[in-house]
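S.K.: Protein sequence lines correspond, in order, to chains F and P. Residue 307 in the working numbering is what sits at position 306 of the first sequence, and the numbering runs on without skipping anything. Residue 538 in the working numbering is what sits at position 48 of the second sequence, and the numbering runs on without skipping anything.
Hints listed in this document are in silico derivations from the structure and should not be mistaken for laboratory results. Do not take every clue at face value.
Covered stretches of chain P (chain F as the covering partner; in silico rule of three or more C-beta atoms under 8 angstroms from a C-beta of chain F) [what the hints assert, rightly or not]:
hint : region
1    : 528 to 535
2    : 544 to 555
3    : 629 to 642
Lysine to aspartate or glutamate pairs mimicking EDC-like chemistry, simulated, CA-CA at most 20 angstroms apart [what the hints assert, rightly or not]:
hint : chain 1 : residue 1 : chain 2 : residue 2
4    : F       : Lys-68    : F       : Glu-57
5    : F       : Lys-253   : F       : Glu-239
6    : F       : Lys-229   : P       : Asp-545
7    : F       : Lys-100   : P       : Asp-531
8    : F       : Lys-100   : F       : Glu-57
9    : F       : Lys-303   : F       : Asp-179
10   : F       : Lys-77    : F       : Glu-57
11   : F       : Lys-129   : F       : Glu-139
12   : F       : Lys-100   : P       : Glu-638
13   : F       : Lys-174   : F       : Glu-148
14   : F       : Lys-77    : F       : Asp-179
15   : F       : Lys-229   : P       : Glu-512
Cβ-to-Cβ under 7 angstroms is the rule here; a few derived chain P residues that face chain F [unchecked claim]:
hint : residue
16   : Ala-516
17   : Gly-538
18   : Ser-540
19   : His-541
20   : Asn-558
21   : Leu-645
Every value quoted in this text rests on a predicted model; they were computed, and no experiment measured them. Even for Gly, the Cβ is constructed at its ideal location relative to N, Cα and C.
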Amino acid sequence: MATQLREPDRLSPADLVREDAVHRSVYTDPAIFDLEMERIFGRAWLYLGHRSEFKEAGDYVIRHMGKQAVILTLGKDGDVHAIFNRCTHRGATLCAFDKGSAPHGHQCPYHGWMFNADGSVRFVPYDKGYGERLDKGEMGIEQVRIEEYRGFLFGNLMGDAAPPLEHFLGHMKTSIDDLVDRSPTGELECGPYVLRHYYRANWKMTFENLNDTVHPGFAHAASVVSAKAVANEVGGPENIVPTIGMMMANGKPIQFFQDIDMVTAPGGHSYIGGHMGADYTPDTSDAYTASLIDYHGAEKAKEVLSVDRHLMLLYPSSFWHARYQTLRIMRPVRHDLTEMIGFVFRLNGAPEETYRNAIEYCTGANSAASPVISDDLEIYERCLLGNGFGEREWIPTSRGMDEDRERTNSHDRMPATSEGFIRNQFRAWADYMGQA
Amino acid sequence: MTDEIRLFVEREARLLDQMRYEEWVALFLPDARYWVPVSLDQPSPEAGPSHFHDDIQVLMVRTHRLANPRAFGAEPSPRTVHIVSGVTWEEDEEDILATSSQIMLEYRNRGNFDDDLRLFGGQVTHRLRREGGELRIARKRIDLVNAEGAFNAMLAPL
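Excised from the complex, chain F in its bound form (with noise of 0.2 angstroms):
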């Protein structure tokens, strides 16, 4: 059976991460889920919006930060405001929806309560059934500290406590002025359709697989064997259409992918290189490459183009895939369950064709029924099931660990086969938890 950890107050995460090892529980536990909500999702930073989903004042989205529901409201002062979406009168959630509008505040449906954007009570029915002892100055809802870098807006529950964004991102900065550098007027719109799946196991076990490229030659093989019979039944991998190339890309043989760089940094973060190749990319067209000359320069413009990442891990809570536009959240519901939340972002400026690949790639990469993602979500839950029991209790962490191939004060970067990513999360979570 896993370690039933019953009193958090005397676990030491210490125990729990080694150099090259981590015990099991951390994934099978719930006493350590609810630590992690605490000291992990109480206290970093966390993707919860983007400017372009509000236009009027009184716009909102609900977002989750760990366990907590927030409601995102643009305020008529210009900014966007994160309060809980709770009524501080009897606790009831105020917003049903996951967007809307409400231009005159939020108003609570069980006695009416209402509040304005930032979280101050705008007005109470029978206000005067409450007397004095009712301070409605004292009553509002608690706001939460946001930062912004480059339209994302980012929200953190320590509030005056937290270190700046700037200094959590640190290195992965790069990766996200890579996404906001491909518009060729600088402007990103959000779409409004968002993807969303689910799987019935640990919300880690998605930061320790995305950037593995060691399992995708066998957990995906069933569709790189049935992607290859197709290509062969339509007259060959030149009559394929991009999704079927992105699905034989997995079966790349690891060489291949040993000769890309994995870089980690400080704070349990990742990316590697990209690795799908020029053909799933036609969004590298003229009039696209065009439009950024125009808006650049041509130095910078080729600058732009010439990065080539694939997913960036911003541990504890969103994967940015810059080429496709695609963002996604990860929403820790309980140990054993956790929510994928996919974004499509358009280029503003940039031809239709690359909105058409980031919407196709966010289709292949974040839905239940991808042939490759549903490959994942089952080995996701067998290795819940797996970690429930037997006698070996420590999980080995050590591909690549003598592989480095740059260390630096910023990030440090190896091959992209070496499990050094997942070493990384394991220092931040160890950061992290050991901190009461």
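Fit chain P to the given chain F structure using the hints.
M.R.: Chain P only, in chain F's frame:
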């Protein structure tokens, strides 16, 4: 003709339930699309990502894969039963537009009791075209009642 359309829609669902995937794919025209949007108000597959947005090649990979022993999520294979109800149809210039209400019950024996059984349901729209006397599918759109929701792995086509 009403009978013909209804029988076609019912037969299409039954081919899936009987795992006769090659015959099922053969019902689709070469430029057909199979679409499951993420929102009932999503105007087109180009407006945003989808649960499924398949052309014929992706349908071929999907069904080919279901028979592959390394498709772990299909091990054991999902078993389905469709209930098709209320088929109505209308004609425009070249096509027949059939709508139906459908429920699909899916079962995978993983030893997880009730969790092994899932229910999908919604409105299905077929755009059918007559080619050489045969009805073929140009478009199949499935508006799930929970289109906006999060789904766990879906292997069996709806």
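S.K.: Work down the list of hints and note, for each, if the structure agrees.
M.R.: Taking the hints in turn, this is what the structure says about them:
no.: 1; hint: 528 to 535; verdict: holds (count 4)
no.: 2; hint: 544 to 555; verdict: holds (count 8)
no.: 3; hint: 629 to 642; verdict: holds (count 5)
no.: 4; hint: Lys-68/F - Glu-57/F; verdict: 28 angstroms, violated
no.: 5; hint: Lys-253/F - Glu-239/F; verdict: 17 angstroms, holds
no.: 6; hint: Lys-229/F - Asp-545/P; verdict: 16 angstroms, holds
no.: 7; hint: Lys-100/F - Asp-531/P; verdict: 14 angstroms, holds
no.: 8; hint: Lys-100/F - Glu-57/F; verdict: 13 angstroms, holds
no.: 9; hint: Lys-303/F - Asp-179/F; verdict: 12 angstroms, holds
no.: 10; hint: Lys-77/F - Glu-57/F; verdict: 9 angstroms, holds
no.: 11; hint: Lys-129/F - Glu-139/F; verdict: 16 angstroms, holds
no.: 12; hint: Lys-100/F - Glu-638/P; verdict: 12 angstroms, holds
no.: 13; hint: Lys-174/F - Glu-148/F; verdict: 14 angstroms, holds
no.: 14; hint: Lys-77/F - Asp-179/F; verdict: 31 angstroms, violated
no.: 15; hint: Lys-229/F - Glu-512/P; verdict: 17 angstroms, holds
no.: 16; hint: Ala-516; verdict: 13 angstroms, violated
no.: 17; hint: Gly-538; verdict: 3 angstroms, holds
no.: 18; hint: Ser-540; verdict: 5 angstroms, holds
no.: 19; hint: His-541; verdict: 5 angstroms, holds
no.: 20; hint: Asn-558; verdict: 4 angstroms, holds
no.: 21; hint: Leu-645; verdict: 6 angstroms, holds
Violated hints for the displayed structure, listed by number in ascending order: 4, 14, 16.
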